[in-house]
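Asks: Sequence:
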Amino acid sequence: MALFKDEQDVYSVLGTFFRMAAQDEEMGPSIQKSGLVIQFEYSDPASVLTIDATHVPEGAYFDVIEGSTDKKPDVHMTMKADIANSFWLGKLNLLAALSRRQMVAKGPIPKILKLLPAIQPAYKKYVEYLQTIGRAELIQ
Numbered sequence: 001m002a003l004f005k006d007e008q009d010v011y012s013v014l015g016t017f018f019r020m021a022a023q024d025e026e027m028g029p030s031i032q033k034s035g036l037v038i039q040f041e042y043s044d045p046a047s048v049l050t051i052d053a054t055h056v057p058e059g060a061y062f063d064v065i066e067g068s069t070d071k072k073p074d075v076h077m078t079m080k081a082d083i084a085n086s087f088w089l090g091k092l093n094l095l096a097a098l099s100r101r102q103m104v105a106k107g108p109i110p111k112i113l114k115l116l117p118a119i120q121p122a123y124k125k126y127v128e129y130l131q132t133i134g135r136a137e138l139i140q
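Mapping of the sequence shown onto the working numbering: residues 1 to 140, in sequence order.
Hints should not be assumed to be uniformly reliable.
DSBU-like, lysine-lysine: derived pairs with alpha carbons at most 35 Å apart [as the list claims (entries may be wrong)]:
| no. | residue 1 | residue 2 |
| --- | --- | --- |
| 1 | LYS33 | LYS71 |
| 2 | LYS72 | LYS125 |
| 3 | LYS106 | LYS91 |
| 4 | LYS125 | LYS33 |
| 5 | LYS111 | LYS5 |
| 6 | LYS80 | LYS111 |
| 7 | LYS72 | LYS114 |
| 8 | LYS124 | LYS72 |
| 9 | LYS80 | LYS91 |
| 10 | LYS111 | LYS71 |
| 11 | LYS80 | LYS124 |
| 12 | LYS80 | LYS33 |
| 13 | LYS114 | LYS124 |
| 14 | LYS33 | LYS114 |
Everything labelled a hint here was simulated from the structure, so no lab data went into it.
Just so it is clear, the structure is predicted and the values come from calculations on it, not from any experiment.
Use the sequences and the hints to build the structure in full.
Replies: As structure tokens, then:
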């Protein structure tokens with residue numbers, strides 16, 4: 001059974017976490033500097049989150065778009081929402097997930113790999129965030 005009950009649950013958990021990351025002084029600047037539009041297309045449940053480092057809203061380093069958008073992504077990643085959860089928990093290595101096809105990426109993968117050091121703090125922050133919002137069941 002999937003960890004997320006529906007599309008809205010994905011947006012409530014991952015979308016909100018991405019928006020927090022967009023305001024984070026430790027991670028945000030590196031993502032903004034990349035100038036990338038990265039789209040995450042999840043299944044089980046079907047949902048889409050897009051990080052847009054070309055558009056910087058006030059008070060953030062990048063924009064987060066929930067649902068479909070006309071924005072053309074530089075990188076498009078598909079995976080189950082549970083796989084995304086495991087990744088943000090720091091329990092899933094990106095290269096291993098790509099080679100096992102748990103994640104499928106289209107676009108300039110080296111640019112994504114360059115962001116890995118910048119998002120390293122997110123793993124600990126995601127666990128703390130899940131505890132804060134009362135979703136400890138997602139920490140597996």
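Asks: All the hints need checking, so say for each whether the structure fits it.
Replies: Comparing the hints with the structure gives:
{"no.": "1", "hint": "LYS33 to LYS71", "verdict": "18 Å, holds"}
{"no.": "2", "hint": "LYS72 to LYS125", "verdict": "29 Å, holds"}
{"no.": "3", "hint": "LYS106 to LYS91", "verdict": "22 Å, holds"}
{"no.": "4", "hint": "LYS125 to LYS33", "verdict": "21 Å, holds"}
{"no.": "5", "hint": "LYS111 to LYS5", "verdict": "32 Å, holds"}
{"no.": "6", "hint": "LYS80 to LYS111", "verdict": "22 Å, holds"}
{"no.": "7", "hint": "LYS72 to LYS114", "verdict": "21 Å, holds"}
{"no.": "8", "hint": "LYS124 to LYS72", "verdict": "30 Å, holds"}
{"no.": "9", "hint": "LYS80 to LYS91", "verdict": "15 Å, holds"}
{"no.": "10", "hint": "LYS111 to LYS71", "verdict": "18 Å, holds"}
{"no.": "11", "hint": "LYS80 to LYS124", "verdict": "21 Å, holds"}
{"no.": "12", "hint": "LYS80 to LYS33", "verdict": "28 Å, holds"}
{"no.": "13", "hint": "LYS114 to LYS124", "verdict": "19 Å, holds"}
{"no.": "14", "hint": "LYS33 to LYS114", "verdict": "11 Å, holds"}
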